[in-house]
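Visitor: Listed below are the residues making up each chain.
Number of protein chains: 2
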Amino acid sequence: MYIKELIKHLGEEKFSQNETILYRHGHDESPHPPVEPDIVCFPENREDVLLIVAVATKFQIPITPFGAGSGLEGQAIPINKGIVISFERMNKLIEFSPENLTITVQPGMTRLGLNKLINREGLFFPLDPGADASIGGMVATNASGTTAVRYGSMREQVLDLEIILMDGTIIHTGTHAKKSSSGYHLNGIFVGSEGTLGIITEITIRLHGIPEHTISARCTFSTPQLCVEAAQLILTTGIPVLRMELVDSVSIKRVNEYGEYEFPVADSIFLEFGGFQVAVEEEIALAKELLSDIGCLSWTIAKDSKERAELWKARHEVSHSFRHIKGMEALGSDVCVPISKLAELVKYTRAQVEESGLLAGILGHMGDGNFHSIIVFNPDNLKEKEAAIRINESLVYKAIELDGTCTGEHGVGLGKKKFQNAEHGTSVKIFKDLKRLFDPDNLLNPGKLFI
Amino acid sequence: MYIKELIKHLGEEKFSQNETILYRHGHDESPHPPVEPDIVCFPENREDVLLIVAVATKFQIPITPFGAGSGLEGQAIPINKGIVISFERMNKLIEFSPENLTITVQPGMTRLGLNKLINREGLFFPLDPGADASIGGMVATNASGTTAVRYGSMREQVLDLEIILMDGTIIHTGTHAKKSSSGYHLNGIFVGSEGTLGIITEITIRLHGIPEHTISARCTFSTPQLCVEAAQLILTTGIPVLRMELVDSVSIKRVNEYGEYEFPVADSIFLEFGGFQVAVEEEIALAKELLSDIGCLSWTIAKDSKERAELWKARHEVSHSFRHIKGMEALGSDVCVPISKLAELVKYTRAQVEESGLLAGILGHMGDGNFHSIIVFNPDNLKEKEAAIRINESLVYKAIELDGTCTGEHGVGLGKKKFQNAEHGTSVKIFKDLKRLFDPDNLLNPGKLFI
Numbered sequence: 158m159y160i161k162e163l164i165k166h167l168g169e170e171k172f173s174q175n176e177t178i179l180y181r182h183g184h185d186e187s188p189h190p191p192v193e194p195d196i197v198c199f200p201e202n203r204e205d206v207l208l209i210v211a212v213a214t215k216f217q218i219p220i221t222p223f224g225a226g227s228g229l230e231g232q233a234i235p236i237n238k239g240i241v242i243s244f245e246r247m248n249k250l251i252e253f254s255p256e257n258l259t260i261t262v263q264p265g266m267t268r269l270g271l272n273k274l275i276n277r278e279g280l281f282f283p284l285d286p287g288a289d290a291s292i293g294g295m296v297a298t299n300a301s302g303t304t305a306v307r308y309g310s311m312r313e314q315v316l317d318l319e320i321i322l323m324d325g326t327i328i329h330t331g332t333h334a335k336k337s338s339s340g341y342h343l344n345g346i347f348v349g350s351e352g353t354l355g356i357i358t359e360i361t362i363r364l365h366g367i368p369e370h371t372i373s374a375r376c377t378f379s380t381p382q383l384c385v386e387a388a389q390l391i392l393t394t395g396i397p398v399l400r401m402e403l404v405d406s407v408s409i410k411r412v413n414e415y416g417e418y419e420f421p422v423a424d425s426i427f428l429e430f431g432g433f434q435v436a437v438e439e440e441i442a443l444a445k446e447l448l449s450d451i452g453c454l455s456w457t458i459a460k461d462s463k464e465r466a467e468l469w470k471a472r473h474e475v476s477h478s479f480r481h482i483k484g485m486e487a488l489g490s491d492v493c494v495p496i497s498k499l500a501e502l503v504k505y506t507r508a509q510v511e512e513s514g515l516l517a518g519i520l521g522h523m524g525d526g527n528f529h530s531i532i533v534f535n536p537d538n539l540k541e542k543e544a545a546i547r548i549n550e551s552l553v554y555k556a557i558e559l560d561g562t563c564t565g566e567h568g569v570g571l572g573k574k575k576f577q578n579a580e581h582g583t584s585v586k587i588f589k590d591l592k593r594l595f596d597p598d599n600l601l602n603p604g605k606l607f608i
Numbered sequence: 158m159y160i161k162e163l164i165k166h167l168g169e170e171k172f173s174q175n176e177t178i179l180y181r182h183g184h185d186e187s188p189h190p191p192v193e194p195d196i197v198c199f200p201e202n203r204e205d206v207l208l209i210v211a212v213a214t215k216f217q218i219p220i221t222p223f224g225a226g227s228g229l230e231g232q233a234i235p236i237n238k239g240i241v242i243s244f245e246r247m248n249k250l251i252e253f254s255p256e257n258l259t260i261t262v263q264p265g266m267t268r269l270g271l272n273k274l275i276n277r278e279g280l281f282f283p284l285d286p287g288a289d290a291s292i293g294g295m296v297a298t299n300a301s302g303t304t305a306v307r308y309g310s311m312r313e314q315v316l317d318l319e320i321i322l323m324d325g326t327i328i329h330t331g332t333h334a335k336k337s338s339s340g341y342h343l344n345g346i347f348v349g350s351e352g353t354l355g356i357i358t359e360i361t362i363r364l365h366g367i368p369e370h371t372i373s374a375r376c377t378f379s380t381p382q383l384c385v386e387a388a389q390l391i392l393t394t395g396i397p398v399l400r401m402e403l404v405d406s407v408s409i410k411r412v413n414e415y416g417e418y419e420f421p422v423a424d425s426i427f428l429e430f431g432g433f434q435v436a437v438e439e440e441i442a443l444a445k446e447l448l449s450d451i452g453c454l455s456w457t458i459a460k461d462s463k464e465r466a467e468l469w470k471a472r473h474e475v476s477h478s479f480r481h482i483k484g485m486e487a488l489g490s491d492v493c494v495p496i497s498k499l500a501e502l503v504k505y506t507r508a509q510v511e512e513s514g515l516l517a518g519i520l521g522h523m524g525d526g527n528f529h530s531i532i533v534f535n536p537d538n539l540k541e542k543e544a545a546i547r548i549n550e551s552l553v554y555k556a557i558e559l560d561g562t563c564t565g566e567h568g569v570g571l572g573k574k575k576f577q578n579a580e581h582g583t584s585v586k587i588f589k590d591l592k593r594l595f596d597p598d599n600l601l602n603p604g605k606l607f608i
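Going down the list, the protein sequences come from chains A and B.
My numbering numbers the first residue of the first sequence as 158 and each following residue consecutively.
My numbering numbers the first residue of the second sequence as 158 and each following residue consecutively.
Please keep in mind that the hints were generated in silico from the structure rather than gathered at the bench.
Any given hint might turn out to be false.
Repeated chains share a single entry, so a pair holds when one copy, or any two copies, can fit it.
Here are the computed lysine to any residue pairs in the SDA-like style, where the Cα-Cα straight-line distance is at most 20 Å [claimed, not checked]:
| no. | residue 1 | residue 2 |
| --- | --- | --- |
| 1 | K171 | Y554 |
| 2 | K504 | E256 |
| 3 | K215 | K238 |
| 4 | K589 | E319 |
| 5 | K249 | N276 |
| 6 | K586 | H329 |
| 7 | K504 | Y308 |
| 8 | K445 | Q434 |
| 9 | K273 | T393 |
| 10 | K445 | T457 |
| 11 | K574 | R547 |
| 12 | K589 | D324 |
| 13 | K238 | I608 |
| 14 | K586 | G325 |
| 15 | K410 | I482 |
| 16 | K586 | F607 |
| 17 | K586 | D324 |
| 18 | K586 | E319 |
| 19 | K504 | S551 |
| 20 | K463 | I251 |
| 21 | K445 | F433 |
Produce the entire structure from the sequences given, and follow the hints as far as they go.
Guide: Pasting the structure below:
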């Protein structure tokens, strides 16, 4: 019934019930079980989205927004079926303003597509989750990546969102000015709301100048905790690193095998410095001195752009190297704590993993206190599977105990729902009140974020 | 009746109805007419605040939070009388964590008090509104100052707030981790909410390392528009200035008289660079070259820390120099627009002021697209007063037309209420919904933010 009405309004070419299309929009990159939607819509502009929302409201059909499908917590899985809105065709540039270091795009544009548009102007959008995520998906999950230590996460990039609410109202959550003290700051709650409060149709974000000079380095320590101490020292000294990634010895060994690299198997930090050449040289010299004082075992600077590219390619492949072991599955944690608690949490993680006997790497964004442990298990072996889940859960509770969060950048989706009460306590009631305010019929991405 | 109950619960020593105390808590630094509260409470901890909230709810008495009283838009004026909560005694340190570059304080601590605590550790809290504002007041208005171009405004500093809601619930709006993708981000709406949604009882903010080396410079151009173009060039080139302030020729002339300075009377930029010495020197050389290419008339580097301190003392005195002219009053604008529109808005402002014949300086935070025009008028001359109000209003509408905001850092309070519909359109309904959700009886700082 509602499908007929959708087709009538949108036209045949803006929807699909093709089996392949339904399959593709029933899962993301998480291990959560897929659920196929009844129909996938491909709106091309805000008017199309308004029509879909009107039909969904009239017939009380759930809507799940879908970006690139690269999420890691099941946010894009339409667990109650109904309509998936794919933003594949809403991937256009609205306005590029290099003089303001800002750009306005539709949510379906991906981060690599965005960079392609702007790099020639000497600008870049530095946030780099592993996948070529859509900008809309990155807003919805408050994504970040290896450069958040310098540039912050998605929330710090968003100046304004155009949002379609379930009653058909179109609102703007911010302004195009760099700062504002006017009105309640709606960017705050919409960034990271995972499509549960409204549907994003336009996004205005900050851009950044490509650093004039960039140098990458790699150094090793005898334990991952020492890597963390090194990172803390660099931060408190005020060295403005571009990237500062932990890649533990287990991960180095694994990625060496997977990508035929020859990195020395040791707990490592992958570093990047960027800025004016003299500044970068000064920063590197200082970093090297600081780290050698606390027991750095080796310090290697990428000698050219090829070596630098290889270093970051390897870093981005670590996760895949664990996820693509034949016959095995992997569970990734995403905890984040105050830096001073990070060494303790990393030590705790190693102990848990060793006790379980499972293969697991630890890697992540030390400058933010955020790391991932990728725990590999045999899905047919119930004991292994349960151990992986148990480790993941115990890391979350430990992180919360240490004043941290269950998710630094992947979001809540389906996987982190059950930790919301432990982490947010009395605020969960406010979350539910907000959800009810914006989506009284519970049609927007239902079943996510809360139990 | 409710006063008796307050005294019974809080004790005699935590409230006052002394005439001087009532007077002091009836106004801020804005020109809005003062209104004295019925009683001023001086809570010392969250339990005291809970008691006050319970009594206010029971007797339906309005509550207005009061920090340092340095607001510029009437936020702290208890226009419906009732209870003022002064945070004078809630000014304690809760936890200082230099290793995390964070600190947790009660809302009554002032920014200078905070810096006194942390500067000895090599850290500072850079945001500097003119006055020695309370941290709570700065959170409530999303304040910033001259260093926002480098560090962002208050919203970017806040990691977590402890808030008491009107139903007595205590919530936390964030986490102590540097980033999080968990739950709806309540920091967003509470920062800048001007005490209308809940009462802040603890604040956790980021700190920053004091730059190793700092140099200030002053340069002049033939028009304020050229100053703005210069600022835009510096930003798009990626020079990470610490401060970049416009002080127009009218302001220079006025502050010279007020403070017995001898700055050349010309449209000027006051600049500050900070970081490692080699980097700072490189940045200054590059800035000088860039600016000389576009017509910089003079370029002077502060030769020692005394000259540097004098420069910034003068900058901070400009506003006072206009506000403290005998027999006159001053109205300050606070518009903020995308940088590319700033030159147009500054030109428009100058034209409006010249047409009116009033004395008015233009100064501000160019790197953010934010500036203030301080318009001086004789309060006994209705024509002058009306002209000042008219200019201020026309700047706001022009800023909104240019994709900007009516307030970059002072907040809405009483003065910017009437522009909310023009600026936020359909979002104003959401603001009102949120207000109703958190404060259904409209007791928290009523009469602010909305008409």
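Visitor: When Cα atoms must be at most 20 Å apart, do K445 and T457 count as within-copy, between-copy, both, or neither?
Guide: Close inside one copy (10 Å), not across copies (36 Å); limit 20 Å.
Visitor: If the cut is 20 Å between Cα atoms, do K586 and E319 qualify within a copy, between copies, both or neither?
Guide: Only across copies: K586 and E319 sit 15 Å apart there, 26 Å inside one copy, limit 20 Å.
Visitor: Should K215 paired with K238 be assigned to within, between, both, or neither, using CA atoms and 20 Å as the limit?
Guide: within (16 Å within a copy, 47 Å between copies)
Visitor: Please work out whether the CA atoms of K249 and N276 approach to 20 Å or closer within one copy, between two copies, in both situations, or in neither?
Guide: Classified as within; 17 Å inside a copy, 48 Å across copies.
Visitor: Given a CA cutoff of 20 Å, do K586 and D324 count as a within-copy pair, a between-copy pair, both, or neither?
Guide: between (23 Å within a copy, 12 Å between copies)
Visitor: Classify it for me, K445 with Q434: is the Cα-Cα distance of at most 20 Å met within a copy, between copies, both or neither?
Guide: both (16 Å within a copy, 18 Å between copies)
Visitor: Go through the copies and call it for K504 and Y308: within, between, both or neither, with a Cα cutoff of 20 Å.
Guide: Answer is neither; intra-copy 28 Å and inter-copy 33 Å both fail.
Visitor: Can you give me the call for K238 and I608, within, between, both or neither, at a CA distance of at most 20 Å?
Guide: within (18 Å within a copy, 43 Å between copies)
Visitor: Could you figure out if K273 and T393 sit no more than 20 Å apart (CA to CA) within one copy, between two copies, both or neither?
Guide: For K273 and T393, only the inter-copy Cα distance (19 Å) is at most 20 Å; the intra-copy one is 35 Å.
Visitor: As a check of your reading, is K171 near Y554 (CA-CA no more than 20 Å) within one copy, between copies, both or neither?
Guide: neither (44 Å within a copy, 40 Å between copies)
Visitor: What label fits K463 with I251 when the C-alpha limit is 20 Å: within, between, both, or neither?
Guide: neither (34 Å within a copy, 49 Å between copies)
Visitor: For K574 and R547, with the copy left unspecified, which applies at a CA distance of at most 20 Å: within, between, both, or neither?
Guide: Close inside one copy (16 Å), not across copies (52 Å); limit 20 Å.
Hint check: violations occur at hints 1, 7, 20; the rest are consistent with the structure.
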